[in-house]
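There are 2 protein chains.
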Amino acid sequence: MLVLHHLEYSQSFRILWLLEELGVEYELKHYVRDTKTLLAPDEYKKLSPLGSAPVISDGELVLAESSAIIDYILDVHPNEQLRPIVGSRERVDYLFWFHAAQASLMPLVLMDGVFSIIQTRAPAILRPLLRTIFSKASDGFSKPRITKLLQKADADLSTKPWFAGEHLSAADIVLIYPMEVLHSSGRLDSYPNIKAWFTRVYESASFKAAREKDGKNSIVLNMKGR
Amino acid sequence: MLVLHHLEYSQSFRILWLLEELGVEYELKHYVRDTKTLLAPDEYKKLSPLGSAPVISDGELVLAESSAIIDYILDVHPNEQLRPIVGSRERVDYLFWFHAAQASLMPLVLMDGVFSIIQTRAPAILRPLLRTIFSKASDGFSKPRITKLLQKADADLSTKPWFAGEHLSAADIVLIYPMEVLHSSGRLDSYPNIKAWFTRVYESASFKAAREKDGKNSIVLNMKGR
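Each protein sequence line maps, in turn, to chains A and B. Each residue of the first sequence is one higher than the one before, counting from 1 in the working numbering. Each residue of the second sequence is one higher than the one before, counting from 1 in the working numbering.
Check before you lean on any hint, since a few could be wrong.
Partial chain B-side listing against chain A, Cβ under 7 Å, derived [claimed, not checked]: (1) P49; (2) D71; (3) Y72; (4) V86; (5) R89; (6) F96; (7) L150; (8) K152.
Just a few of them, taken from the derived set where beta-carbon distance is under 8 Å, the chain B residues facing chain A [stated by the list, open to error]: (9) E65; (10) S67; (11) D75; (12) H99; (13) A100; (14) Q102; (15) A103; (16) P107; (17) L110; (18) A137; (19) R145; (20) L149; (21) Y202; (22) S204.
Since the hints were made in silico from the structure, they are not lab data. Ideal Cβ placement from N, Cα and C applies to all residues, glycine included.
Make a model of the complete structure from these sequences and hints.
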């Protein structure tokens, strides 16, 4: 039996959504972040080969890395809509967004997040200086790259409802996490087609079921709300 | 005809290596970085949907994103050693490392690189302060995660010559770039099995052929050597 070791407010929400969309049997184990450090608990870190979420186990196998887990689950439960096959019309757009989500958009969003955490944790007297330095770094590196990706996303979604085409695919599922980080900080306001995609996501039965099982009021950790 | 738009000292070296390993026909177009900014030239930025390397074109299609390009090429030229098929013994290790390379190792290496560039470009008087702040951030975030990945890599390579098993696969090809960044800065000295993997890589005929066509003395941009 496949077990999803689900860390609250983490990238593992996507695996929960995928499993609900597939409608297959699995066991869900919940793990709660440390209330002070906000890090994963020690038992989670020990379980995971990388010390990070998500992690699944299946018999003897323990597997980390979001996209590897998604591909593994779709190997066990093949689904041509969720992972368009070689030669299909959806294949190339699927490949681009499935990979760009984790290898481009997520790292850029993470980098801006790390800049922000460094500032927050620095002595108050240093914060204005750090804000200036990180703004410059973000303007020169992460921001223009995020903008390019969002412009392409918005353009792609002007002609089709989902990132790979007419159906929800693993590309949408993997994109939800970085997109939600950007959405929750108001950075998607000028992208109407991405916002319309969010409406479709929020209305899908499998997403609602995943939110229900997750039991949280947000996918991403809202620092302000804590 | 597939065209590889090859930017010197960039992640696109891996696509060159893949094409040489496959032994298929393709056209190679060389692009040179701006000598002052070290960025890609404008004609490259215009060509790429993300403004970054690598990029391929194939008829009307223009595709960016390393792993998407690799999967696309392996769709067109299927190869069960380079991309182990569903159900094969190599499949799960392949999936883990193919994805971890671009979605975990590369972003962590890039983050340390950005920290270093910010320091280098800051006024001299601020550098010691920034060095302290970034060391702390790196010690708390990127370094332990890179170490976990390298420890797993070294352990995996103690039982097999290549990341997916007995044969070179796209996992090795995609890993070469972040591994080379770590190697060239002396950060692999305590990982004998990764170093032995490098020897196998450097001795492979397709890698040698790719280096020959690349025409550079290094895959990664050696800032000190310029």
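Original post:
Per the CB criterion, is Q102 of chain B less than 8 Å away from chain A?
Top reply: holds, 4 Å
Original post:
For the hint on D71 of chain B, does the least C-beta distance to chain A fall short of 7 Å?
Top reply: D71 of chain B check passes; min Cβ-Cβ to chain A is 5 Å, inside 7 Å.
**OP:** Classify the hint on R145 of chain B as holds or violated, based on whether any CB of chain A lies nearer than 8 Å to its CB.
**Re:** Result: holds, 7 Å to nearest chain A Cβ.
Subject >> Agreement of hint P49 of chain B with chain A interface, Cβ distance less than 7 Å >> reply: holds, 6 Å
Subject >> Interface hint status, P107 of chain B versus chain A (Cβ within 8 Å) >> reply: It holds, given that the least Cβ distance between P107 of chain B and chain A is near 3 Å, below 8 Å.
Original post:
Would the stated hint for V86 of chain B survive a check requiring a Cβ distance to chain A of less than 7 Å?
Top reply: Cβ of V86 of chain B sits 5 Å from chain A, so the hint holds.
Original post:
For the hint on R89 of chain B, does the least C-beta distance to chain A fall short of 7 Å?
Top reply: violated, 13 Å
**OP:** Verify the interface restraint on A103 of chain B: the C-beta must sit less than 8 Å from at least one C-beta of chain A.
**Re:** holds, 4 Å
Subject >> Satisfaction of the A137 of chain B interface hint, Cβ to chain A closer than 8 Å >> reply: holds, 5 Å
Original post:
Any CB of chain A closer than 8 Å to the CB of H99 of chain B?
Top reply: holds, 4 Å
Original post:
When the nearest CB of chain A is found for S67 of chain B, is that gap smaller than 8 Å?
Top reply: Check passed: Cβ of S67 of chain B comes within 4 Å of chain A, closer than 8 Å.
Original post:
Holds or violated: is there a CB of chain A closer than 7 Å to the CB of L150 of chain B?
Top reply: violated, 11 Å
Of the numbered hints listed earlier, those contradicted by the structure are 5, 7, 21, 22.
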